Amino acid sequence: MLWLCVVSPVQEKHALKALASWAGQFSSCVCLDAERRLLWLEIGSSLRYFGGLDVLLKKVAAGLHALTLKATIGVAPTPEAAALLARQPQTLPVLQLDHLRQALAALPLNELAMLPAAIAGLQASGLTSVGELLALPRDALARRWGLQATDYLQRLLGERADPRKPYRAPQTYYRRFDFAEPVQTVEGLLFPLRRILYELQGYLRGRDAALQALNVAFRHHDHADTVLTLRTTDPQRDALRLFALLREKLERTQLPGAVTQIRLGVERFVALRDTQLHLWDESERHDASWSDLLDKLRARLGDQAVRRLGLRDDHRPEKAWCVESGAAAADLPPAFPDRPLWLLPPRPIERLPKLLGRPERIEAGWWNGEDSSRDYYIAQTAEGSRWWLYREAATARWFLQGIWA
Amino acid sequence: MPPSSLIPRSRPLPPVLQEIPGIWRAHELAPVKARSTGHGALDALLPGGGWPIGALTELIPLIEGIGEVAVLQMALKRLCDEKRHVVFVHPPYIPYAPALLSAGLLLPRVLWVDAAHDEDAHWAAEQTLREGAAGAVLLWSHAVADRPLRRLQLAAEAGQSLAFIYRPVVTLDSSSPAALRIVLRPAPAALGVEVLKARGGRGGAVFLPVHAHV
Amino acid sequence: MSYAELLCASNFSFQRGASHPYELVERAKELGYAALAITDECSLAGIVRAHDAAKDAGVKLIIGSQFRFPAGERVVLLAPNHAAYTELCEFITQARRASKKGSYAISRKAFASALKHCIGLCMPAASIDEEVVCWFARLALARHYLAFTHGLAQDSERRLEILRKLGTASGLPLVAVGDVHYHQRERRPVHDVLTAIRLATTVDQIGRAAFPNGERHLRPLATLRKLYPRELLAATLDIALECSFSLDTLHYEYPEELVPAGVSALQHLRKLTLEGAARRWPAGVPVEVRAQIDKELALIAVLRYEHYFLTVEDVVRFARSKNILCQGRGSAANSAVCYCLGVTAVDPARVSMLFERFVSKERAEPPDIDIDFEHERREEVIQYVYNKYGRHRTALAATVICYRRRMAVRDVGKALGLSLEVVDALSQALQWFDGDAQLPEEFVKLGFDPRTRMARHLVALVKQIVGFPRHLSQHVGGFVISQHSLSTLVPVENAAMADRTVIQWDKNDLESLGLLKVDCLALGMLTAIRRALDLVSLFRGRTFKMEDIPDADPATYDMLCRGESVGVFQVESRAQMSMLPRLKPRCYYDLVIQVAIIRPGPIQGGMVHPYLRRRQGEEKVEYPSTALERVLKRTYGVPLFQEQVMEIAIVAAGFTPGEADMVRRSMAAWQRRGGLEQFRDKLLQGMLDRGYTPQFANQIYQQILGFGSYGFPESHAASFALLAYTSSWLRCHEPAAFVAGLLNSWPMGFYAPAQLVNDARRNGVSFRPVDVQTSDWYCTLEPDAAGVPVVRVGLCMITGLVQQEGRAIVMARAHGLFASVDDLAHRATLTRRSLDALARGGALNALAGHRRAAHWQAFGVERLPGALAGTSAQEPVLMLPQATEAEEIAADYAGLGLSLGRHPLALLRSRFDRLHVHRAADLAQLKSGRRVRVAGIVTHRQRPETASGVIFMSLEDETGISNLIVWPRIQTTQRAALFGARLIIVEGELQSASNVTHVIAEKIRDYTAWLGRLPTQSRDFH
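Residue numbers (our numbering), protein chains in the order written: chain A, 1 to 405; chain P, 1 to 214; chain F, 1 to 1022.
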């Protein structure tokens, strides 16, 4: 076995995972240690496929370069040795176990993946290099820092097997389709889209999952990408259904120019099991048709036109509500005082109708320069309408902000 | 050829026949299905004892701000309690979430559909009614013609929901395919509800205390 | 109709109230309220301040507290009479003691069982629960009311209706309350910010946790009349009328058990005093002392302070019986009686102080005596006090922790939604800045526009919140002891420390109400002195006590005059050190002055230089009048002590002693909220009437302003000077014992161990390295070949070694030296941690050969179970390379905090020489005014408030310490090197005068990298 170790310059777990899935193109056995920012590729078995170590290393390097990652690489017969080498600038690949000791001897101690206490202890005792450490009697090491330390050295030198759990495929879906010639018509886009969606459907089936949001980006030659986001009310996995929704959306979208590339991504999946539970829980046949309906309304009227209402915890009437983006309603804050059904953007009024009762005073917003002090009144117009008015303290002007419908 | 479902099952009667209570058509012989309005006096006035299910109710407030939506509150609240949705299509102002909540309409059950124009609004209301996915649809319409109303009436029949359409006063004298037509007028500390037309019922008027909180 | 506010939280309802008690009181007065109740949440912490302010303003104060149930309903308890007040205190105590620090626990059961005399107001929650009202109505209170607040909320009217119905049903009358949280509407933003702080969120996120409007302030009567029905307003007056209790009527009783049966307290005190006098003057008490004693006892008898003196005597007697060094200081401490009782060692004959000055008939408050104990043994004293009087009669005074600017910036910034990084950066930057004017500048530096709304809000809010109480903490050592259960007098709550309780009042509150407080403070220097004395005794083979130190030793004063005072009590700071050669102390009283002169009072009052000039005969000593000559003679006509300034007010302006003392205590409050003008007029008029010039009168006024808050009392300086002399003498004559005593008592004082050791070595003290084969836990003295004491560094200096393990080594060694590291580990049963610490500290070097081998062997110690213990296999010896000198020194500093090797800078000297850097020791020989370069490790940074922005720095090299002065101009341009560097080279102008040498920094360069891994430590003061 031969291991290639990449020290990733990125630290975020998702980026490391992306890197690991990327690495899948070079090896069927990719291992990830996110803590240590290390990625291992077993390359012994793929060397021939790629045409030798040099070619493979070049490809990996070029690939990393393409990802604009400045990662360092080490190659050795054991994962830990490869990791150690990878942490050093400019090391030569070590291909045989016999050469390992010598190759590691000059390296500094502090890169070893031993307990920090052990490293510190060794350094306190005056040791600086791996060579010095390897020269020590193993039992003396075990006595001081336990079998963990000697076990590590054995794995480092290949005296003991070092089995690792391979990294499994990522949980996100991403697909890209490049056109040889820019596509001018929507019809021209539909064909590849349908193909991709079928692929996606197969993928979803394989994973027993569904999706609720789908991003499609169209690349143009001389314009910014057109990005469409398709959201469905209920989890979906049916390609034709997704296709129909996407098609409707696409037909209502003005593309700025010819399309050179389609990218389709799904960030999150819903395990279908959970979805079914959810559906059964509702027990109403209406819900299935309800979500169909919402999708239909959104497709024609636009996402923004189909709204759910939510509350916001604020004294100021115009800030006490919001359009909920998600499907779920937030926890309801404590009850509000009585409020009119219709809320209006405040409009000044000239003739004051009859005021009923005492004012309700609301003062807030000093922190963002919207400090207002208002006395709210319920008023009755001569015609019999009930209005919600306020008098702004600063200007003594009256405004209409609500109607009791 | 249009899909079979689009063939009108109930061709509108000539206006003259519509005006005469007691004229029944074959498929309407079944008793009127209705939901209680929550107001005993009003229920008593309405055929079936409430807001008709699967039929269009037309509401014509003489002015706004008199409790024209509040009159529906109790029926809508019950729908929400039954986990049904209430859809506001093209309302004239922002349906104010704190008020909805106070009225017992659970916010996740309320949908606010906005439309650029009447046509979209009617389309949305029609779709919603036809799917039968919502418990009630409230549509605010400027349409004067009765054709769009007929489509709604059909959709309401298909979906078996409560269907309310708010119409401007100018439509008061026009004909309407709605099963129930009601005029709402202000009254001291109350709302005057006058039944103009009730398919399968008689006319009449009641006063409801819908502004009790003030 | 007038109105009494019965529900009002001050800012002592922490993070809920947004006005000081005095602001509320004064506003209530302005508005013409008939009375004001301060009802903080389960607390009376602000009530004394409110009481004082109410007395000043002539407002009727009602004492009460409010309690909140989890469901939101509140109950307000008001104390109409003493019985109710006692009940309230006990109730709060119970609620507070049942919960952890800072919170309280109430239950319906507690309300039902504990209350009889209080008037109760019930404030139902937002959704009014009938059941709550029924429960409340059934409580056995003196009176019950339903409280109604009209907050201009939408439901206010409806709520009134519901309450009315409930009131009728339950038979409870309604009463109007304002539920006040601040004194005026403008505090709404402050309240919102406090709410955000309390909920750990930001103001734009608090939503409806904030009040909907600013109505929760003290509203004008006209507004209230419009909002509330008449009978609800009338009810407030009924209640106010019924509340007659005032804190003035609190009757505090001293504990009585110290007096034996059959004699009076005075007789007993006289007996103890005379016994003490006989010990102090074995040859017979001098006549004048005898007379003084009689006079003092007579005064004590009149003021009934016998128990106080007996209590202090008892505590001191206990300490002496346990060989705990202690010393009293403060007003009454320097009396003949205290001298006889052994409370202080200041012979009243040596200091010209009048007992009446400190204990006046007019002041209805107990004398103030602080007793300092060895810091490590104070706990024994505290436990003694607790045991003697019982926990229910003993508690610590509180310290009200108030918002300071940095904390205010941090909390307000967070509440305004600034990111943590910005808030941190801002409060960090503020560490070195003062004055709100600089806040905007700091904003600019952090890349913010100070004109933005955010910046303006921050500045304005911080300004208002600074000084707000934040939480209660425990006073460092002020005990309140009472004859009866303390909780009948003041609420008691839990402190952060387990088994500690604090009362809800702080020192000023106690003073204000005349409650007895005994201050048991911890003083590191006393520990150091006792240890040094013990070391001397042991080394010399005879008991050597503080009393054995000869007075007026010229060599000791010579040393001080040279400015050599590292480690000496009170005069070791760099400012003091540069003052010593100028002031040239030659006697005890000079030291009293030396202790008091480097203080904000004299410095801000511009007294230092006139005093020095007059003392050196460069300026004529003049007195404005013969009357003042008596007051000022001992300080050459320049007022230096707090007492002198107060006496001037008495002698020159005709103040009574009581008034003068009022001036001292109220100065801070007056400067904050006005009241100064009145005092100023009285003082100036008084002085003009007595023939002083307006200029002189004005000068005195300015001095009083400066002294009021910062002046240092002669009575404290007198006691401190004794310790300063004692420690100086030890430094001069027993330098080895002295430095060992300091090291053994560290942390204390101004200097790190390395600096103390370096200083001692420069003065000829030799040290021997820490070694498990010879070192004790503490540093000890060993004789060298010539019989001169040498310091053996103790195990206590080893970083990370716990005392228990260190002592185990010493005990195990009693059975013979250790054969190996293994042997040591097993015989002393050391943990791996301790072995590691010993190896790092170098204590195993002798045993193992050198530090690296020590580490290797320490790691190799095996823990075998049971019978196998100590039988681990012998390992072959491993040859490990020895470390370099620089590595060794770095390791010494890391593991021991000091090194007996060369000073780190000695290793770098050749490099410094190439850069033409002077040694610290050479500076004194150079001509003043020339340009120099010095290098050193930064040991201190100081920016005294009195020095108008100047930063003083100390640099240490292998030859000594050099002092830098950094002007603000340099600070702004060379900030990074100034505040971040550990090793710097400074270029600047040398200034020397009267044996004091400074470098005025012009260029500062950071050479920290040259130190490698050497850890150093600078103590920064601001």
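Treat the hints as calculated values from the structure; they're not laboratory data.
No experiment lies behind these values; they were computed from the predicted model shown.
Some hints could be false.
[To be verified] With a cut-off of at most 25 Å between alpha-carbon atoms, the simulated BS3-like pairs for lysine-lysine come out as follows:
| hint | chain 1 | residue 1 | chain 2 | residue 2 |
| --- | --- | --- | --- | --- |
| 1 | F | Lys60 | F | Lys507 |
| 2 | A | Lys70 | A | Lys58 |
| 3 | P | Lys83 | P | Lys197 |
| 4 | A | Lys354 | F | Lys414 |
| 5 | A | Lys319 | F | Lys414 |
| 6 | P | Lys33 | A | Lys296 |
To see whether the hints hold, each was checked on the structure:
At roughly 24 Å between alpha-carbon atoms, Lys60 (chain F) and Lys507 (chain F) fall within 25 Å of each other, so this suggested pair holds. Between Lys70 (chain A) and Lys58 (chain A), the direct Cα distance comes to roughly 14 Å. Compliance with the 25 Å bound is thereby established for this hinted pair. In summary, the hint linking Lys83 (chain P) to Lys197 (chain P) is not supported, as the alpha carbons are separated by about 31 Å, beyond the 25 Å threshold. As the CA atoms of Lys354 (chain A) and Lys414 (chain F) are separated by approximately 45 Å, the hinted pair breaks the 25 Å bound.
Restraint check: the Cα-Cα separation between Lys319 (chain A) and Lys414 (chain F) comes to about 22 Å, which is no more than 25 Å; the hinted pair holds. This hinted pair does not check out: Lys33 (chain P) and Lys296 (chain A) have alpha carbons roughly 28 Å apart, beyond 25 Å.
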